[in-house]
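Visitor: Residue strings, one per chain:
Number of protein chains: 4
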Amino acid sequence: MSSSFGERVKITIFGQSHSEGIGVVIDGLPAGESIDMEEVQRFMQRRAPGRHAYQTPRKEADVPRVLSGLFEGKTCGAPLCAVIENTNTRSADYEKLKVTPRPAHADFTAEMKYDGFQDYRGGGHFSGRLTAPLCFAGAVCMQILARRGILIGGHILSVGDVADSAFSLTDINAEILAGIVQKVFPVCDDAAGACMREKIDYAREEHDSIGGVIEAAAIGLPVGIGEPMFDGLESRLASILFAIPAVKGVEFGNGFEAAQKYGSENNDAFVLDSTGEIRTKTNNHGGILGGISSGMPLILRTAFKPTPSIGKTQSTVNLQNCKEEALEVGGRHDPCIVPRAVPCVEAAMAVAILDLLCISQINE
Amino acid sequence: MSSSFGERVKITIFGQSHSEGIGVVIDGLPAGESIDMEEVQRFMQRRAPGRHAYQTPRKEADVPRVLSGLFEGKTCGAPLCAVIENTNTRSADYEKLKVTPRPAHADFTAEMKYDGFQDYRGGGHFSGRLTAPLCFAGAVCMQILARRGILIGGHILSVGDVADSAFSLTDINAEILAGIVQKVFPVCDDAAGACMREKIDYAREEHDSIGGVIEAAAIGLPVGIGEPMFDGLESRLASILFAIPAVKGVEFGNGFEAAQKYGSENNDAFVLDSTGEIRTKTNNHGGILGGISSGMPLILRTAFKPTPSIGKTQSTVNLQNCKEEALEVGGRHDPCIVPRAVPCVEAAMAVAILDLLCISQINE
Amino acid sequence: MSSSFGERVKITIFGQSHSEGIGVVIDGLPAGESIDMEEVQRFMQRRAPGRHAYQTPRKEADVPRVLSGLFEGKTCGAPLCAVIENTNTRSADYEKLKVTPRPAHADFTAEMKYDGFQDYRGGGHFSGRLTAPLCFAGAVCMQILARRGILIGGHILSVGDVADSAFSLTDINAEILAGIVQKVFPVCDDAAGACMREKIDYAREEHDSIGGVIEAAAIGLPVGIGEPMFDGLESRLASILFAIPAVKGVEFGNGFEAAQKYGSENNDAFVLDSTGEIRTKTNNHGGILGGISSGMPLILRTAFKPTPSIGKTQSTVNLQNCKEEALEVGGRHDPCIVPRAVPCVEAAMAVAILDLLCISQINE
Amino acid sequence: MSSSFGERVKITIFGQSHSEGIGVVIDGLPAGESIDMEEVQRFMQRRAPGRHAYQTPRKEADVPRVLSGLFEGKTCGAPLCAVIENTNTRSADYEKLKVTPRPAHADFTAEMKYDGFQDYRGGGHFSGRLTAPLCFAGAVCMQILARRGILIGGHILSVGDVADSAFSLTDINAEILAGIVQKVFPVCDDAAGACMREKIDYAREEHDSIGGVIEAAAIGLPVGIGEPMFDGLESRLASILFAIPAVKGVEFGNGFEAAQKYGSENNDAFVLDSTGEIRTKTNNHGGILGGISSGMPLILRTAFKPTPSIGKTQSTVNLQNCKEEALEVGGRHDPCIVPRAVPCVEAAMAVAILDLLCISQINE
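Protein chains in written order, with my numbering: chain Z, -5 to 358; chain D, -5 to 358; chain P, -5 to 358; chain Y, -5 to 358.
So here's chain Z without its partners, still in its complex pose (with noise of 0.2 Å):
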């Protein structure tokens, strides 16, 4: 069903942009987890517009409000409902979008697959406003999981042209998430972060956009997690990461560059470690093998086209009268989303994890 996702750990999200609030139920988390409601809150944080310069000066509090599910400040075993409500929206800006569809948006598409009777404003159930009920979900699954030792980070691994040093397939670890979770631009070479805000600012100063790519990683994955052939980790976690807004890649391990290999250069040799676990000595296979986890990193990169919204003119089709007509989209946008959309990349993983996590311990 179209705004569910998890089979043993299930969130149903809902609202559109405009509407008087937007959330998430969470289902079938397992009972007596603390919940701490601050951490949550600084999590969604990192997500929430208008922090900084180079984002939409749009200023939401973004305060969620827990409905249910929790009791004592623990989960209860009844499903978890947080609700978020919308204010300081301005409707006026979106009311033409109805008959002048957006480039690159869900406008068109949407008023074609409801006849017509799709919430336009704002883009909808397809704003990436809708982002923030899956942050509050993933902060939530974050919590259980970092008490089973499971740790979700990420970075900007590029912004158009301009990269960052990638993380290391097998040597990242928690005191490196932990570190860049903490930047107010998370990257891990700074210098790099520098040339990207300094990209953004380009693209905002031209009334333009511009894209980029993030790479996250999950570590303190036991062997084991993640089901076979339909329900492998990749699917599970490719199948949410593509239901953020503007997704158009996604990779693990080595990914594309996997293609371009020998099989005797990219097969991962399982070697002891020091302490005779076994694990691989390259990690071309990002932790996953056969859909299921190794042990090792698991690391996944995610790429981003730019913000659709911008303020140069644009060619679109007046649905009114048939026409071909010139747009200029007002409202207010960030010229890079991936900054924002870090912890939205990190909330996803958690929330695919865990329902995996959940399942895969029936086998234990």
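To be clear, the hints were calculated from the coordinates, so they are not data collected in a lab. Careful, some of the hints might be misleading.
Where chains are identical, the list cannot tell them apart; a pair therefore holds if satisfied intra-copy or between any two copies.
[Unchecked claim] Taking lysine-lysine and the BS3-like style, the derived pairs with C-alpha atoms no more than 27 Å apart in a straight line are:
{"id": "1", "residue 1": "K317", "residue 2": "K275"}
{"id": "2", "residue 1": "K177", "residue 2": "K317"}
{"id": "3", "residue 1": "K90", "residue 2": "K275"}
{"id": "4", "residue 1": "K177", "residue 2": "K255"}
{"id": "5", "residue 1": "K68", "residue 2": "K90"}
{"id": "6", "residue 1": "K92", "residue 2": "K177"}
{"id": "7", "residue 1": "K306", "residue 2": "K317"}
{"id": "8", "residue 1": "K68", "residue 2": "K92"}
{"id": "9", "residue 1": "K68", "residue 2": "K177"}
{"id": "10", "residue 1": "K90", "residue 2": "K177"}
{"id": "11", "residue 1": "K177", "residue 2": "K306"}
{"id": "12", "residue 1": "K306", "residue 2": "K255"}
{"id": "13", "residue 1": "K275", "residue 2": "K92"}
{"id": "14", "residue 1": "K306", "residue 2": "K275"}
{"id": "15", "residue 1": "K275", "residue 2": "K177"}
{"id": "16", "residue 1": "K68", "residue 2": "K275"}
{"id": "17", "residue 1": "K90", "residue 2": "K306"}
{"id": "18", "residue 1": "K275", "residue 2": "K255"}
{"id": "19", "residue 1": "K306", "residue 2": "K92"}
All of these numbers come straight from a predicted model, not from anything done at the bench.
Put chains D, P and Y on the given structure of chain Z with help from the hints.
Guide: Chains D, P and Y only, in chain Z's frame:
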């Protein structure tokens, strides 16, 4: 559930590489659809091993036997089950793999996940052989899609560092797809194809293997196919594509390249074509906006790692005595899985698209 | 997943009796459907407590607030979320229930299942209060069904040993259903209704409670609704009806009576009606053959046990000191839940039928 | 999806009465479980036709062939598929049923649903024959449950108006269940059984059929099995039980009788047994409170209508010429399906309970 895929049209795949049989149940097919079993057979032959010098010499008839779901040559509303008997298997080749897992295979992770009870022979349920029932299901779905004007076809975009010409994002059409599918070695540019075959020959001679990328397109999709958020076309397609063994990356439209672009370059302007239909001038979005089909060609690329089974000596860990050990993988293997994987990608696409098409018809 | 129901139209219910709020997300509703919120409110009032002498004096506004999914009064394709705030709750009434579970309630089983972390106040997620969002969802679905000629209505068939006249299996019609629904105490025979109310009064005076049976019908279903085997109408309806607290039995058509009949008595002959339509002469099958609607009225009966909460002293076991203990349940309770459960049964039917209707349209 | 059941342990049943084969895929079984195929075969024999005078003389070997999912006699984590070939079918018996649907069968509704494309021979996918793969799946699940101390068994509670002694709600135990299962005609009171057989003989002689009720129990369930709301034990069990052809009613504990009781009579007091375990004094709740197992015996009753196929002349409508017509159903049919349905009920319970058991283990 791990080995089932789909909501409305649902496939369930069963079997292990060396079990008595493998097969698929397809539930939810529309009733009254003629299925041409010879065409199904022809489609499956494109995946079958042993046809060419650059493939494993292992020969399998791969003749599916339909047990149910067809009546007088047409789907009858009941689940369609097809079984392929496993013959010509040499289990002895694989016995030592229980204790010495092959690098880059699922041997290790499955052994851990199933506490030593997995059927390790030939990769068990994780074997590439399980793509035969996927191709059966895809062939059936393709016939139903074709009747509705939707065609799917793919080619080898690259093998190692040798590249074929890419499909035109805007101009890929039925004629080109039909032409490619008839080729024994499906590429656009046969000269590039010849180089690829040399590359594969070289890998085989070196007892090595090599990876590659498959590009595929679906044309004729009406606007509006795909559900929002977690059941968008990209999510569903990626989910099933990553279930094909060896896939490490999936991208749509211009994919990872979009991450390097400015919005003004990447956005696809809406225009009117000569017949007054709305289309986009460019097709960087690959036919999908907001997870929903735009009416433009749906184009994707799938990265395959090199076949993990290689003749060269590799390092592994003996699970019994917990010592590192040299491993030479016997058996018969494709030096490059990519040519045989083309119909697998097409089949996966057909299954996912037919499912979403049937779901979407509800709103019409 | 526990608190979600449906495949195509899917509801997810959240909340506990004493959490901040309760509510429901309805995903997959057809777009463009007008929803009359006043009618929804009227429907929900039929379930609301505190309206009559024979009900709990606890008064709740039960005013649902729609956060999403409606746009200009119509469904817009996005999930519809409605929230009801919890007010007028007296948690103190329930605190001792953590250690002394009430007989016939879920207190004990939930406490065990969730290792002591469940929200025991007022039954938590297991409270009858959670039928309020079910009624909201049902009211929405009913409006969509009515637009397609499908009407649903129920009456109190019995309270204790006092019985109302049963619906005619063959002749139940829109007029009768409309008439019953408007009654404060929905019975066919008001004299029987008066006896029932006396029975309920007696139970209340005795600090006791009493059970009853609800009979309900859906008319206007086209032939062909319902999927074979596990998703037949009976399976889906029973599945959701047993989710209403206190339901212990469900039967269709002549139900358990069929078990006493000969085939020659029980089989419903096919005949032509005056307009040339095929129908059955009798309707022992209750409108369902092979799980699929036959075009005859769909009729079912649902048995409700007496309200578990009674004022009389009962025996329980103290979970803390593991000793048997006398329990007097305080709080405010309905001596008979059946009158308020009528709209719950109707709502459950509406949700299940709309889901199957939307699924079935695919084959048309 | 229509022919699949279960979330964690999922069965998918395929086949039509006269297709080449029928069978089942069971996905999600815990790995490492020994399956005794002879015991499976013995279980299936209890359902097989042709064993007794009171059954159809049609003889079928019903020997399941396991294609996958077992390795060295144990479940291996991959989906288990078993196929039963269809032999000894006489299609000619059924050909006229396409135009003259049999009363009380699915012929008419399926013909309408599938626009005339359904496989009408012998009831197609709606045939009682499809309970053979259900019994296979149940037999497998039962062995896994037995290893965890959970036993399931049923008896014929009534045939027409002849009743067996009911199970004691509180005292039903392993010994009684084991004793009943070994009987050719499974009743508690053999004298009642003799009367039932006479009743069945009479029905056969009259070319008629007769209905009945099956009562079944599951003992040894730990407290806490079953998910809240829509996935409670009653919802899941009813859902699968109504998938057995001819079932028209399902009740738990004292079922419909509860509707006639006062709360003070019906509530089951919690007490301590001699070993200090918490149990209930009575068991009107049938082992389920709030959808969750209470540790008391789970008891249910299932009403079967009389076999629809009878030799007596009946009225139907010819779908071709739209005229009423007299119908004599040929073929070989059970005058009473109830004796053979006992293992079907047990199998359905085993599948649903194992699924919920596997799900519930997550919270431990």
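Visitor: Taking 27 Å as the upper bound on the Cα-Cα distance, should K177 and K255 be classified as within, between, both, or neither?
Guide: Cα proximity of K177 and K255: across copies only (25 Å, versus 35 Å in one copy).
Visitor: Is it within a copy, between copies, both, or neither that the alpha carbon of K90 lies no farther than 27 Å from that of K306?
Guide: Within. Shortest intra-copy distance 16 Å satisfies the 27 Å Cα cut-off; inter-copy 63 Å does not.
Visitor: One pair to classify: K90 and K275, alpha carbons no more than 27 Å apart. Within, between, both, or neither?
Guide: between (57 Å within a copy, 22 Å between copies)
Visitor: One pair to classify: K306 and K92, alpha carbons no more than 27 Å apart. Within, between, both, or neither?
Guide: within (19 Å within a copy, 61 Å between copies)
Visitor: Up to 27 Å between alpha-carbons, please classify K306 paired with K275: within, between, both or neither.
Guide: Only across copies: K306 and K275 sit 17 Å apart there, 49 Å inside one copy, limit 27 Å.
Visitor: Evaluate K275 and K255 at a C-alpha cut-off of 27 Å and name the case that applies: within, between, both or neither.
Guide: This pair counts as within: shortest intra-copy Cα distance 17 Å, inter-copy 35 Å.
Visitor: With 27 Å as the alpha-carbon cut-off, assign the pair K68 and K92 to within, between, both or neither.
Guide: between (44 Å within a copy, 16 Å between copies)
Visitor: Could you place K92 and K177 in one of the four classes (within, between, both, neither) given a Cα distance threshold of 27 Å?
Guide: Answer is neither; intra-copy 39 Å and inter-copy 45 Å both fail.
Visitor: Is it within, between, both or neither when you check K90 against K177 at 27 Å Cα-Cα?
Guide: Answer is neither; intra-copy 38 Å and inter-copy 48 Å both fail.
Visitor: Have a look at K68 and K90 and pick one of within, between, both or neither, based on CA distance no larger than 27 Å.
Guide: Close across copies (19 Å), not inside one copy (46 Å); limit 27 Å.
Visitor: As a check of your reading, is K317 near K275 (CA-CA no more than 27 Å) within one copy, between copies, both or neither?
Guide: Between copies, since 14 Å is at most 27 Å while 60 Å is not.
Visitor: I want to check one pair: K275 and K92. Are their C-alpha atoms no more than 27 Å apart within a copy, between two copies, both, or neither?
Guide: For K275 and K92, only the inter-copy Cα distance (20 Å) is at most 27 Å; the intra-copy one is 55 Å.
When each numbered hint is compared with the structure, violations occur for hints 2, 6, 9, 10, 11, 15, 16.
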